[in-house]
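> Sequence:
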Amino acid sequence: MSFTLLLIAGMVLMSVLSYAMYAVDKRAAQRGHRRVPERTLHLLALLGGWPGALLAQRRLRHKTAKPRFLIVYWLTVAGHVAIVVASALLR
177 MSFTLLLIAG
187 MVLMSVLSYA
197 MYAVDKRAAQ
207 RGHRRVPERT
217 LHLLALLGGW
227 PGALLAQRRL
237 RHKTAKPRFL
247 IVYWLTVAGH
257 VAIVVASALL
267 R
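No gaps in the numbering here: position 64 of the sequence shown is 240 in our numbering, and each next residue is one more.
Keep in mind that the hints were calculated from the coordinates and are not lab data. It should be emphasised that the depicted structure is a prediction, and the values quoted were computed from it without experimental measurement. Ideal placement from N, C-alpha and C gives every residue a C-beta, glycine not left out. Please note that a few of the clues may not be correct.
Unchecked claim - As a list, the in silico SDA-like pairs of lysine to any residue whose alpha-carbon atoms are at most 20 Å apart:
{"no.": "1", "residue 1": "K202", "residue 2": "G186"}
{"no.": "2", "residue 1": "K202", "residue 2": "A185"}
{"no.": "3", "residue 1": "K202", "residue 2": "R237"}
{"no.": "4", "residue 1": "K239", "residue 2": "L222"}
{"no.": "5", "residue 1": "K239", "residue 2": "V200"}
What the hints assert, rightly or not - Using C-beta positions, here's what the derived DEER-type ranges look like:
{"no.": "6", "residue 1": "L236", "residue 2": "R210", "range": "14 to 20 Å"}
{"no.": "7", "residue 1": "Q206", "residue 2": "L182", "range": "32 to 38 Å"}
{"no.": "8", "residue 1": "L183", "residue 2": "L231", "range": "15 to 21 Å"}
{"no.": "9", "residue 1": "Q206", "residue 2": "S178", "range": "38 to 44 Å"}
{"no.": "10", "residue 1": "A258", "residue 2": "R203", "range": "28 to 34 Å"}
{"no.": "11", "residue 1": "Q206", "residue 2": "A262", "range": "20 to 26 Å"}
{"no.": "12", "residue 1": "F179", "residue 2": "R203", "range": "32 to 38 Å"}
{"no.": "13", "residue 1": "L181", "residue 2": "R237", "range": "29 to 35 Å"}
{"no.": "14", "residue 1": "L266", "residue 2": "T240", "range": "32 to 38 Å"}
{"no.": "15", "residue 1": "R203", "residue 2": "S263", "range": "32 to 38 Å"}
{"no.": "16", "residue 1": "L183", "residue 2": "A204", "range": "28 to 34 Å"}
{"no.": "17", "residue 1": "F245", "residue 2": "L181", "range": "39 to 45 Å"}
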């Protein structure tokens, strides 16, 4: 399997998982239950789930009013992109 195909498959999987975790966190927030740690949401984004996280933020209107969270989120997106580019260049 090619590097590109493996990368895309991994990102799709992590995006689905990331979206699901945002949905779980949103529901927990609405019900006053235990929340998904922000660190977990950021880790999923860094591991390639950032497209799913972005979609969840927009569709679920979740975590969009927290500037600190959004700054860290966009830093994880930049980190993921940097890792992918570096990996491609080192191949």
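> Are the hints correct? Go through all of them and say.
For each hint, the structure was consulted:
no. : hint                    : verdict
1   : K202 x G186             : violated, 24 Å
2   : K202 x A185             : violated, 26 Å
3   : K202 x R237             : holds, 9 Å
4   : K239 x L222             : holds, 16 Å
5   : K239 x V200             : holds, 13 Å
6   : L236 x R210: 14 to 20 Å : holds, 18 Å
7   : Q206 x L182: 32 to 38 Å : holds, 37 Å
8   : L183 x L231: 15 to 21 Å : holds, 18 Å
9   : Q206 x S178: 38 to 44 Å : holds, 42 Å
10  : A258 x R203: 28 to 34 Å : holds, 33 Å
11  : Q206 x A262: 20 to 26 Å : violated, 40 Å
12  : F179 x R203: 32 to 38 Å : holds, 36 Å
13  : L181 x R237: 29 to 35 Å : holds, 33 Å
14  : L266 x T240: 32 to 38 Å : holds, 35 Å
15  : R203 x S263: 32 to 38 Å : holds, 35 Å
16  : L183 x A204: 28 to 34 Å : holds, 31 Å
17  : F245 x L181: 39 to 45 Å : violated, 32 Å
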